[in-house]
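**Student:** The residues making up each chain are set out below.
Number of protein chains: 2
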Amino acid sequence: MDFGVTPFDGLPLPASVTIYEVGPRDGLQNESIVLPAGIKAEFVERLVDAGNTVVETASFVHPKLVPQLADAEEVLRKVTPVPYVRYPVLVSSRRGLDRAIDLGVSDIAVFGSVTETFARRNLNRTVDESLEMLAPVVARAREAGMQVRGYLSMCFGDPCEGKVSVLRVLHVATRMMALGCTELSIGDTIGVATPGQVTAVLDALIASGIPVDSIAVHFHDTYGQALANTLTALRRGITTFDTSAGGLGGCPYASSATGNLATEDLLWQLHGLGIVTGIDLQKMVDTSVWLARQLGRPSPSRTVTALAG
Amino acid sequence: MDFGVTPFDGLPLPASVTIYEVGPRDGLQNESIVLPAGIKAEFVERLVDAGNTVVETASFVHPKLVPQLADAEEVLRKVTPVPYVRYPVLVSSRRGLDRAIDLGVSDIAVFGSVTETFARRNLNRTVDESLEMLAPVVARAREAGMQVRGYLSMCFGDPCEGKVSVLRVLHVATRMMALGCTELSIGDTIGVATPGQVTAVLDALIASGIPVDSIAVHFHDTYGQALANTLTALRRGITTFDTSAGGLGGCPYASSATGNLATEDLLWQLHGLGIVTGIDLQKMVDTSVWLARQLGRPSPSRTVTALAG
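So the sequence lines, in the order shown, correspond to chains A and B.
With numbering that gives the first Met the number 0 applied, the first sequence corresponds to residues 0 to 308, in that order.
With numbering that gives the first Met the number 0 applied, the second sequence corresponds to residues 0 to 308, in that order.
Excised from the complex, chain A in its bound form:
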């Protein structure tokens, strides 16, 4: 059924955007079931077949911390790379970076926290100590010619601290850019942000001189706010959006089954606005339905639920 396209009242929304697919890494990392490497690799290849050009594929963090992704090397070896598609991996140390380099990886992501509580809990360091720890990793990756994405967690709210100050986000963001990151992913890790906050944080980042095309947003749908926040970011000129196929990945820090914004829900919005993504919605739905069967639980995505029938 054709529901057509209606652009947004002449305001300068971007004509096309990049979806940064986090399902195989951030999504599966937060699912309780551990999938075999072959299924993970098939998942990545299905995502690329659907038109995704950036798929975060694996994590080289310590397998004790993230047992779901302990087989990162095996997954990477099983994926047949497609030209012009990027398959970034998350690394947290020089050792992980060296493994990534040995495997021919060309894009990495590193992880930082904006709040002290989360840095302490997740990285066992202060915010500034964790940035120092990242410095040699980012430097070495850039020397090796890699693109380096920096994740900023808890940019809008922290489960222990409540609302997060824009200045904290600005501090970590400018430090990560100074370390050499080529892109920042501004994360609402617990999904509490509302559009006024999104505007305030993005305006501050852009005003600080960080190029708008180096800023991605990473919204969680824990409180159902992700698409309203996405629309707000679109209006601020953001063109990179992190999503996970089928909304994969529960939120480990809130009592909710809903984690990442589902790729399909965002595609419905963007395609309805006439914004080009290059991704086939129905192929994404089919992939998410297939993966939901592997995980034994239905996708929390509204659009997948509506179109799966």
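Note that these hints are calculated values from the structure, not bench results.
For glycine and all other residues, C-beta sits at the position ideal for the given N, C-alpha and C.
Not one of these hints is a red herring.
Computed, partial: chain B to chain A, Cβ under 8 Å:
(1) GLY3
(2) THR193
(3) PRO194
(4) GLN196
(5) THR198
(6) ASP264
(7) LEU272
(8) ARG301
With the hints as your guide, set chain B onto chain A.
**Tutor:** Just chain B, lined up with the frame of chain A:
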């Protein structure tokens, strides 16, 4: 935990809005389980206790068509009215209106379709025939001093016809206002709308001379789009939003468990933006959790799920 308030970058969002709660009528009408009248009345009273000032309470349409609400009179008799709270009921005929008047009802709603397919399927009439049928009902209600809300279904998409023309919405909206309706509820009955369409329809209605404070929006979350569309309507000056407690009410026209926008998801957005609703979010969550137990299925609301734990 306090996640604070951040208004929206100085743009003129309304300082306060009215939530038009449709759970007891539109919500329960689309649930498969029939609840006892006492539970329905308790539901209405809990909603009012949470701060709602408008609760659509019952339907006087033929009980064969909507068996879930066949006990409308009993429910109305059981509800102890609170001063300054409105308890509208849906009517579809002079006979239903007379029953409502006898019960002391002061607000009614009538139902119209924008598309011919839905008018034929749901009202067994053409669009224009259904408007003619409403004329004497609206006239009599206005003579009796009632407020009359007109529902417009399928304003953005129709499951059989696809995209709906703005001109069709304009035709039905202006006719309903001419009949004497005091408020219009612009419905995305199958939840397919995206923000460009919302802007186009609202701009056309406002440009036609319909007062903006006579326009309510009624979004369904079938594809997860409702809150982005709400934000778009807020920016167009709309101040009345139809929602259902806990997202109650499946969508009978799409293969999805998700129907109306959940009141709680909208409250999270509005309160985060500093917009006053007068409604206590936690009391709403408690009410939705209580009702979900009566219905034997969890609330599809993201915010209820996050806060129920």
